[in-house]
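Q: The primary structure of each chain is shown beneath.
4 protein chains.
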Amino acid sequence: MAVNNTERRAQERTGRNAGASGLEHDRWPTSLTAIEPNKIQVRGYSLDEMMGRLGFAEAVYLLLMGELPTPTIGRMLNAVLISSIDHGVTPPSTLAARNVATSGAPLKDCVAAGILAFGPHHGGDIESCMRFLDRGLTLVRAGTSMKAAAETIVRECADQHEAPPGFGHRYHIRDPRAARLFQMALELEVEGEHVRLIRAAERALETTYKDRFDRPMPVNVDGAIAAISADLGFEYELGNAIFLISRLPGLIAHAHEERTRMPPMRQIDPKDHDYDGARNRRLPEGRK
Amino acid sequence: MAVNNTERRAQERTGRNAGASGLEHDRWPTSLTAIEPNKIQVRGYSLDEMMGRLGFAEAVYLLLMGELPTPTIGRMLNAVLISSIDHGVTPPSTLAARNVATSGAPLKDCVAAGILAFGPHHGGDIESCMRFLDRGLTLVRAGTSMKAAAETIVRECADQHEAPPGFGHRYHIRDPRAARLFQMALELEVEGEHVRLIRAAERALETTYKDRFDRPMPVNVDGAIAAISADLGFEYELGNAIFLISRLPGLIAHAHEERTRMPPMRQIDPKDHDYDGARNRRLPEGRK
Amino acid sequence: MAVNNTERRAQERTGRNAGASGLEHDRWPTSLTAIEPNKIQVRGYSLDEMMGRLGFAEAVYLLLMGELPTPTIGRMLNAVLISSIDHGVTPPSTLAARNVATSGAPLKDCVAAGILAFGPHHGGDIESCMRFLDRGLTLVRAGTSMKAAAETIVRECADQHEAPPGFGHRYHIRDPRAARLFQMALELEVEGEHVRLIRAAERALETTYKDRFDRPMPVNVDGAIAAISADLGFEYELGNAIFLISRLPGLIAHAHEERTRMPPMRQIDPKDHDYDGARNRRLPEGRK
Amino acid sequence: MAVNNTERRAQERTGRNAGASGLEHDRWPTSLTAIEPNKIQVRGYSLDEMMGRLGFAEAVYLLLMGELPTPTIGRMLNAVLISSIDHGVTPPSTLAARNVATSGAPLKDCVAAGILAFGPHHGGDIESCMRFLDRGLTLVRAGTSMKAAAETIVRECADQHEAPPGFGHRYHIRDPRAARLFQMALELEVEGEHVRLIRAAERALETTYKDRFDRPMPVNVDGAIAAISADLGFEYELGNAIFLISRLPGLIAHAHEERTRMPPMRQIDPKDHDYDGARNRRLPEGRK
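Top line first, the protein sequences correspond to chains B, C, A and F.
Each residue of the first sequence is one higher than the one before, starting from 1 at the first, in my numbering.
Each residue of the second sequence is one higher than the one before, starting from 1 at the first, in my numbering.
Each residue of the third sequence is one higher than the one before, starting from 1 at the first, in my numbering.
Each residue of the fourth sequence is one higher than the one before, starting from 1 at the first, in my numbering.
Just chain B, same shape as in the assembly (with noise of 0.2 Å):
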């Protein structure tokens, strides 16, 4: 229906003629958030005993996938919502951010903006790479090998003289925050397959596709956070929601450090621009 006409079918519903037709006793469902006085339930659980008892990172699983996370996809969420929550000043979604602010805009529209620079080469690489990871499993269980099955989808890139989805980062030579989540998912055992396949995908560019491309291509934090959230069952659409929910921080700080400490209405060159922050530290040990 993608193509039907907006206002036809908006009118279909409006006033009188809503009223003729019985639009108007329609009612439709929400299964998220039931609302009644003094009482919010979020997916069936009381709001308030979910407070204190649940992580943040656990309450957003809840809510988006229906059911409560065990422990451990718990604790792999809260690294992979960690794992994007900034990548410094040069992301168009954070220039989209800083130049809205720097117009006295205030920080939701900074935020708004830097959300609508979520384009496909940016966070929604995400969906691109979970789908890539599917096309390919549709091979293995059509009965190839992960190694083969990986050994064509990548062909088929390189073909087309693309980047798999989820590859390359020449800045990065090797993306530690992707080293890290695998790392994560196999010590917490919830590596599944979309994990081994983008790993078997990664030795087949290291080898065989090797000379197809003009630069190293590891997985980088996108492929990652694709391979993990369709391990752990996320949609598509959802894949690309888990990147905007772990970067909407790093909008806000860029935004609010623009806002206060820049003066306004300035060029902002994102070449120009030099980190003074602290530097070089650890985290106490006890931590975790």
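Calculated directly from the structure, the hints in this document are not laboratory data.
Incorrect hints may have been included.
If several chains are the same, the list does not tell them apart, and a pair holds so long as it fits within one copy or across any two.
Think about it this way: if two alpha-carbon atoms lie no more than 16 Å apart in a straight line, the pair counts; the simulated EDC-like pairs of lysine to aspartate or glutamate are [claimed, not checked]:
id, residue 1, residue 2
1, 271, 26
2, 271, 156
3, 210, 156
4, 271, 36
5, 271, 231
6, 147, 257
7, 210, 159
8, 39, 211
9, 147, 206
10, 147, 272
11, 147, 134
12, 210, 272
13, 210, 162
14, 147, 193
Since the structure of chain B is already known, use the hints to place chains C, A and F on it.
A: Positioned in the frame of chain B, the structure of chains C, A and F alone reads:
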């Protein structure tokens, strides 16, 4: 400088004349995240070390405040972020997100539109309440008692026939989220003067000023978040940001439900909905 | 390159390594507007000369297409821009804007949210229809008759049980905006093959394919804008842009009415509204 | 009511208790556009009659103001809308739109982000200037001379070391757009007290207050739009809306240029650009 003109400032810094004015060699600072090849540090801590050792809420605190929270503050912040994660279909932000979703727009567009509806009457209430409480604490620092200061700031609102920011919820006579947040602040011993003042203001509204409003005026969740965020040291603008982070998963969940469960281009009536999800579930005893 | 990774590309161009790769000295081109002290040229024409000598619609054409429109095309474009200037309160874009307005957000936030609701089912329909017509014209260039080509592309949609993009409006059996646009295109002699094809497709829908849809399928205003914009030489993406420019004043008017006439934080029911403005006025005879 | 709480108000109007409070039967008014089958009236005028007989700028005036403009006011408004149609790549709104475009996001997302950058320092200047002028006209109505009133409001800004809103453009010593707008207002005899006051304020800045600012302080285009919009009777908020309508095509043109001409995911440096389009063209003599 609020009234200065954009393009003048913008043009000062462009092409040729920027070169002429030497601006091409200016550099600008950021203190949030340092990026080097294969190395990412957030506020000086290695991002991959944070993964698995911090909860997402703790990482949010680190990014926004610049320092690690104590485990106690981490627990408090998790509860604050959970408290506003969703409030059903009727908030204008949720309806804005659903109206964008029904047009077939991508998830991020729905979320951005929802965030734009965090106006002065919605979400922005938190900053207003933080400022309201600080007016009272200024009196306290000048020697007024907490009780008298609370009565003064409440009277100022009553005289303007305005509900004090962070008070009143006709649907909830006793907001279960606020009650739980105050209980936790007490138990975790993070309760500070902002919480004490808002409780004093609540008492003033239940007694002296009871007849000045047409309904009960308990502290609502915005007020509780405002008082606790202020006691935790968040700036006004970041108080609103806490609400923004908290509600984002709710916007995502509603936009996703609209996109996956409802027909496109429907007329969304905020009244004619029914909850058809799980009810009255209990968290497993062992949980946290 | 649709699947490549943001931050990799972003980082390629940052600080130090940008310097290393010489990118700091790259310059990038724009061909829209040249700014010099006391001198502004849009597409090579002095902006202050344009003021008073061009209509806004003609200036829009110049900026987007790079050349001045003929006075005839200017008249056609004025009619196209007026045709979708508003369609009452029920389009999702209007409801998104009003839901943001009721939160007390500034006018620009309401407008931005409304624009985000120009999804594939709303506004985006114009690009879909332009592509639909070009599929048919490809057949015509290959020797198929206009009539046969129209029947082919209509059948393709009917076989997928989809309304052809730009057709059908259950509320309007005959869209007065489309009819007027086609009449003007004929009178102004700007009617081209896209308009001829869409009229042929409309005839096919009224005859051969009448029974394939549950309602009349006249060309709607999106279809008329699509065909005329294509005949005027607008790119697909700019076809949607024409709708965006046309509807912006409608979004502004509804957001402003919501902000100035209605109580804040109301629940906006798309059905329960009544029109209470002026009715049945006639343009003065002398007008244009 | 600015400090009231959303969800309280929202909940008042929901499901059951809305029914209970009878709100389900409330109807709400709109006076913009009346929709009936095959009939659309904007402010009481048939939309299809308007097409071909009004220019788009005149239809905008009708929709926002409720009445047809005189042909003279229509000409003035066309010039106002053209005056800010684009100002090159450096305004923050344009950079926000381009940063969203480079992520591969759709055109409408780029435009929405650009609109969010119309903050208090950019676009919002128009409302500030309208209020600034009305402070002066209040003095005039109290018997102060135009000259003395202008000196008073200029001095108030100078004493706060702020540029008066609508004045100053370091890049343009004499803003050609403002000069042309004032010339037209004079010729078309729509010049009113707001224009006379802003000219008086400009003279005060050139003489008495010359030494109070570090650069010339001519009226800029925002100031000219503010004064003329106020003389035409637009409300403050609609003054900003005029700028929004005027600049939208510029945002579209830059987003489209970025999407079609530049590589994706580039770092956009506002300084390192060159204009490579047409130059120094003249409008045909016969034009208008």
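Q: Determine for every hint whether it applies to the structure shown.
A: To see whether the hints hold, each was checked on the structure:
no.: 1; hint: 271 to 26; in the structure: between (55 Å within a copy, 10 Å between copies)
no.: 2; hint: 271 to 156; in the structure: neither (35 Å within a copy, 39 Å between copies)
no.: 3; hint: 210 to 156; in the structure: within (14 Å within a copy, 43 Å between copies)
no.: 4; hint: 271 to 36; in the structure: between (52 Å within a copy, 14 Å between copies)
no.: 5; hint: 271 to 231; in the structure: neither (37 Å within a copy, 38 Å between copies)
no.: 6; hint: 147 to 257; in the structure: neither (47 Å within a copy, 36 Å between copies)
no.: 7; hint: 210 to 159; in the structure: within (13 Å within a copy, 45 Å between copies)
no.: 8; hint: 39 to 211; in the structure: neither (61 Å within a copy, 26 Å between copies)
no.: 9; hint: 147 to 206; in the structure: within (13 Å within a copy, 55 Å between copies)
no.: 10; hint: 147 to 272; in the structure: neither (44 Å within a copy, 46 Å between copies)
no.: 11; hint: 147 to 134; in the structure: within (14 Å within a copy, 43 Å between copies)
no.: 12; hint: 210 to 272; in the structure: neither (34 Å within a copy, 35 Å between copies)
no.: 13; hint: 210 to 162; in the structure: within (14 Å within a copy, 45 Å between copies)
no.: 14; hint: 147 to 193; in the structure: within (12 Å within a copy, 52 Å between copies)
This entry does not satisfy hints 2, 5, 6, 8, 10 and 12, going by the numbered hints stated previously.
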